[in-house]
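Undergrad: What follows is the residue order along each chain.
Number of protein chains: 2
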Amino acid sequence: MMDDPMPTLAPLRRIATPKGDVFHVLKVSDESFVGFGEAYVSDVAYGAIKGWKRHRRMTLNLACPVGAVRFVVRARDGRSQILLDTILAPDPPSHYRRLTVPPMLWFGFAGIGRGCNLVVNVASHPHDPQEADSLDLAAFDWPCERSLVAT
Amino acid sequence: MMDDPMPTLAPLRRIATPKGDVFHVLKVSDESFVGFGEAYVSDVAYGAIKGWKRHRRMTLNLACPVGAVRFVVRARDGRSQILLDTILAPDPPSHYRRLTVPPMLWFGFAGIGRGCNLVVNVASHPHDPQEADSLDLAAFDWPCERSLVAT
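Listed in order, the protein sequences are those of chains D and H. Heads up: the first sequence begins at -6 in my numbering, then just goes up one per residue. Heads up: the second sequence begins at -6 in my numbering, then just goes up one per residue.
In short, the hints are calculated from the structure, not lab data. This structure is a prediction, so every number in the text was calculated from the model and none was measured. Don't be surprised by glycine CBs; every beta carbon is placed ideally from N, CA and C.
For lysine-lysine, the following DSSO-like pairs were computed, each having C-alpha atoms within a straight-line distance of at most 30 Å:
hint	chain 1	residue 1	chain 2	residue 2
1	H	Lys20	D	Lys46
2	D	Lys20	H	Lys20
3	D	Lys46	H	Lys12
4	H	Lys46	H	Lys20
5	D	Lys12	H	Lys46
6	D	Lys46	D	Lys20
7	D	Lys20	H	Lys46
What follows is a set of in silico ranges between Cβ atoms, one per label pair, in the way DEER data are often shown:
hint	chain 1	residue 1	chain 2	residue 2	range
8	D	Pro122	H	Ser73	44 to 50 Å
9	D	Pro136	H	Pro86	35 to 41 Å
10	D	Pro11	H	Ala125	17 to 23 Å
11	H	Ala3	D	Ser87	35 to 41 Å
12	H	Val21	D	Ile8	25 to 31 Å
13	H	Asp129	D	Gly71	53 to 59 Å
14	D	Gln74	H	Gly71	55 to 61 Å
15	D	Ile8	H	Pro85	30 to 36 Å
Chain D extracted, bound-state conformation (with noise of 0.2 Å):
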């Protein structure tokens, strides 16, 4: 366990304007930047939970401009420890924030907004399904709400 990277939370700049917010997600000179290979955008479903995966080499930079997302991410084995279990979400200005994934950690993500829930990714590699492992929802426990006010 002592070995574990481990997974990171920074603050986040929302700019409000009449016109429509900004949005800050990731900058080159960001402590959490490591190299630029891919940005895409997932939805997740109300309800639904994307899990689990893990990255060999990627290191996701992540954050939530629509809705609300919750995370939670494993250690390296999978089983023994959460690491980080939070939420995402453009509200309240405390939970606009970038979480940092770092390869090699097991995670899953649901969605906990009745409407979309976008998770803007900023990965460090292109997606490559060489370099990346799923396994079904059951393989680890999906923790119970309890431990959701946690963070």
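Start from chain D and add chain H according to the hints.
TA: Below, chain H without anything else, positioned relative to chain D:
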């Protein structure tokens, strides 16, 4: 005019899944990738027009995964020529595409969907007020709705 770099449109994949779609935005291997400086998301309210703006160094790579946004790109001098007048939107699939705006062109964009209208920008340079110019919307003609159907 002949020296103006041109804005370009490229088709993007929207991958439908039962748990929520995935929207491609930009890969390091894409022809329009010229470097990574910053990724951010702009919301533009229904009926609002953000513009005119011009970047001196930044190339913008733009996609709209939610709502619908009209972009108007003008020639370098602003007044003489509209280089592109187009709509980015997740639907229909033919409108899910990436708009690349090279430096020195004036552009504006309008929210035309009744909910939120999000634009993801994967920009070649980080935001820097020193390299960006803004003009009042009245500085150049915002074309009438008829030209909407042109592209």
